[in-house]
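A.B. asks: Spelled out, the chains give:
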Amino acid sequence: MHKAVASQTDWSALREDFPILRQEVRGYPLIYFDSAASSQKPRAVLEALRNFYEHDNANVHRGLHTLSGRATEAYEHARQRVAEYIGAGNPDEIIFTRGTTESINLVAQAWGGKFIREGDVILLTGMEHHSNLVPWQLLAERQGVRLRFLPVRDDGTLDVDQLSSFLTPEVKLFAFTHISNSLGTINPVAELCAKARAIGALTLIDAAQSAGHMPLDVQEMGCDFLGFSGHKMCAPTGIGVLYGRAELLDSIPPWHGGGEMIVSVALEKSTFKKPPHRFEAGTPNIAGAIGLAAAIDYIEGIGRAAIFEHDSQLAHYAADRLSELPGTRVFGPKQERGALVGFVMDAAHPHDLTTFADQYGLAMRGGHHCNQPLMRRFGVSGTTRASFYFYNTMEEIDRMMEILHYAVRFFS
Amino acid sequence: MTPEIEELYQEVILDHSRRPRNFGELPDAAVLVHGDNPACGDEIHLAVKFNADGGLEDIKFNGRGCAISQASASLMTMKLKGKSRAEVMEMLRAFHDLVTADASEAPKTLGDLRVMQGVRKFPQRVKCAMLAWRAVQQAFEQGSGEATVSTEPA
Numbered sequence: 001m002h003k004a005v006a007s008q009t010d011w012s013a014l015r016e017d018f019p020i021l022r023q024e025v026r027g028y029p030l031i032y033f034d035s036a037a038s039s040q041k042p043r044a045v046l047e048a049l050r051n052f053y054e055h056d057n058a059n060v061h062r063g064l065h066t067l068s069g070r071a072t073e074a075y076e077h078a079r080q081r082v083a084e085y086i087g088a089g090n091p092d093e094i095i096f097t098r099g100t101t102e103s104i105n106l107v108a109q110a111w112g113g114k115f116i117r118e119g120d121v122i123l124l125t126g127m128e129h130h131s132n133l134v135p136w137q138l139l140a141e142r143q144g145v146r147l148r149f150l151p152v153r154d155d156g157t158l159d160v161d162q163l164s165s166f167l168t169p170e171v172k173l174f175a176f177t178h179i180s181n182s183l184g185t186i187n188p189v190a191e192l193c194a195k196a197r198a199i200g201a202l203t204l205i206d207a208a209q210s211a212g213h214m215p216l217d218v219q220e221m222g223c224d225f226l227g228f229s230g231h232k233m234c235a236p237t238g239i240g241v242l243y244g245r246a247e248l249l250d251s252i253p254p255w256h257g258g259g260e261m262i263v264s265v266a267l268e269k270s271t272f273k274k275p276p277h278r279f280e281a282g283t284p285n286i287a288g289a290i291g292l293a294a295a296i297d298y299i300e301g302i303g304r305a306a307i308f309e310h311d312s313q314l315a316h317y318a319a320d321r322l323s324e325l326p327g328t329r330v331f332g333p334k335q336e337r338g339a340l341v342g343f344v345m346d347a348a349h350p351h352d353l354t355t356f357a358d359q360y361g362l363a364m365r366g367g368h369h370c371n372q373p374l375m376r377r378f379g380v381s382g383t384t385r386a387s388f389y390f391y392n393t394m395e396e397i398d399r400m401m402e403i404l405h406y407a408v409r410f411f412s
Numbered sequence: 001m002t003p004e005i006e007e008l009y010q011e012v013i014l015d016h017s018r019r020p021r022n023f024g025e026l027p028d029a030a031v032l033v034h035g036d037n038p039a040c041g042d043e044i045h046l047a048v049k050f051n052a053d054g055g056l057e058d059i060k061f062n063g064r065g066c067a068i069s070q071a072s073a074s075l076m077t078m079k080l081k082g083k084s085r086a087e088v089m090e091m092l093r094a095f096h097d098l099v100t101a102d103a104s105e106a107p108k109t110l111g112d113l114r115v116m117q118g119v120r121k122f123p124q125r126v127k128c129a130m131l132a133w134r135a136v137q138q139a140f141e142q143g144s145g146e147a148t149v150s151t152e153p154a
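Heads up: the protein sequence lines correspond to chains A and B, in order. Anchor point for the first sequence: position 172 equals 172 in the numbering used here, and the numbering is continuous, going up by one each time. Anchor point for the second sequence: position 107 equals 107 in the numbering used here, and the numbering is continuous, going up by one each time.
Next comes chain A alone, as it looks inside the complex (with noise of 0.2 Å):
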């Protein structure tokens, strides 16, 4: 049925929503393969954001202006938006961060700071980002906290038999990445929820990397928590999502304090909002939201499920060819595999092969990807990675390849 779905869009098409693809760098069309780092703004999104700042604009949830009226309507409506796309049952759940790393920072600081005790355990993966691994460093600084990592096999995949033996009562709580942002793994979320559950811990899913490409339903993951970036699924750079189960909200403490969260002040206490507005202390990112609920608009218009067909058929093609030249490694699994993928080649360093593609409009990206233990683990220091969206082609990934048979000629 998907592939059904597939076929009907006209993926030439929706790259005219998108001014940026329509240039030239250096003198060649713009290959923009760094989608997983950010992706671009369609039109519709660019326009949301110019509407709200030249109708909408004034501070939310206070004026009782007609304007500050209009803004605090979009940005819960974004609320609401965001709830729908992610299946969560109540916007209230839906908690508005800057982005992927600063929701973990909420739920390491927040939740982490009041329930977590010396001796408990925060099960990670040997696969996670940077984002998914420090603020949980931090947290085992400050309070005496275990960190354990599930190990990643060969092939990229997380040793998902050793679970059992990870998950002892002492953990408190699994984080682990949906789709891991250098070798492309989808991890099966729904099965870890499932066994942390058993035993009794919480569940956080980095959605950085799924958020924009396939379905995703809380209810149906089973996770506790969960996040992602704005900016790497259209829309702007600086909003992201918190998504919290709503009893476990309640029973987390503020994060951070200012204007907006607060119920009453008197100058010795205070007392709180309810979530999602206790965690948004200050004037949000109003636009932002906005400028999210836009992009969700966009996608769902395409229909997820189509995107990740999409996508997928791109990041499978590149993988076959890549493999096909001499000299050159792939990561990452064969079979399921999300819209990037990361690869060595003898001929030339990843910071070479990136500056030399460069020079015929060629973006990727070439370095650690914010996954040096992963790096580590594969016995390389960086990686070059092609990562995907709807608007990317088979005939970029042709070019893509003329131009690695250039380097190989070029750096041999």
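Be careful, since some hints might not be right.
[Claimed, not checked] Cβ-to-Cβ under 10 Å is the rule here; a few derived chain B residues that face chain A:
#1 2
#2 4
#3 23
#4 39
#5 41
#6 65
#7 69
#8 122
#9 125
#10 128
[What the hints assert, rightly or not] Output of the computed footprint for chain B on chain A, the stretches with three or more beta carbons under 8 Å from beta carbons of chain B:
#11 343-350
#12 359-368
Think of the hints as simulated: they come from the structure by calculation, not from any bench. Everything numeric in this text was worked out from a predicted model, so none of it was measured. Even glycine gets a Cβ: it sits at the ideal position worked out from N, Cα and C.
Here the structure of chain A is known, so what remains is to put chain B in place on it, guided by the hints.
C.D. replies: Here is chain B on its own, set in the frame of chain A:
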């Protein structure tokens, strides 16, 4: 192929990156400096031996990294062997200018190192070119023993 990339990766640079000179261990080194570039994971291990006057008697390096960092280290070791401390520090300043400043004419004293001038058109690659030089600077400051140096000051 753009002229910028041909200037960045001149044949001399590609040659040094493929076959780095003074690459290996220096068993009786006075200082061992571990340099790393956390932005990309590149690393260099620089071993230095001083002469009686405090000049650079011998220098070797190993490690792994991009063509720019490897070639820069290789060219640097060839250039600095036998130089006094003052000459090394002067060369360090001149080289930093070469890869960062807009100065028109590169100083003749830099000799072969002038092939690295193309780096200035690629600001993201300056750290690659400077890694070995940061390490040698640290070696002189340290004088003996082991040290680490990073392109990202902590």
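A.B. asks: The structure should be examined with respect to each hint, and the outcome stated for every one.
C.D. replies: We went through each hint and held it up to the structure:
1. 2: Since the shortest Cβ distance to chain A is 5 Å, the answer is holds.
2. 4: With a minimum Cβ separation of about 7 Å from chain A (threshold 10 Å), the hint on residue 4 of chain B holds.
3. 23: violated, 16 Å
4. 39: holds, 7 Å
5. 41: With a minimum Cβ separation of about 3 Å from chain A (threshold 10 Å), the hint on residue 41 of chain B holds.
6. 65: holds, 7 Å
7. 69: Holds, because the Cβ-Cβ distance from residue 69 of chain B to chain A comes to roughly 8 Å (cut-off 10 Å).
8. 122: holds, 6 Å
9. 125: Hint on residue 125 of chain B: holds, closest Cβ of chain A at ~7 Å, below 10 Å.
10. 128: holds, 7 Å
11. 343-350: holds (count 3)
12. 359-368: Result for this restraint: holds, n = 4.
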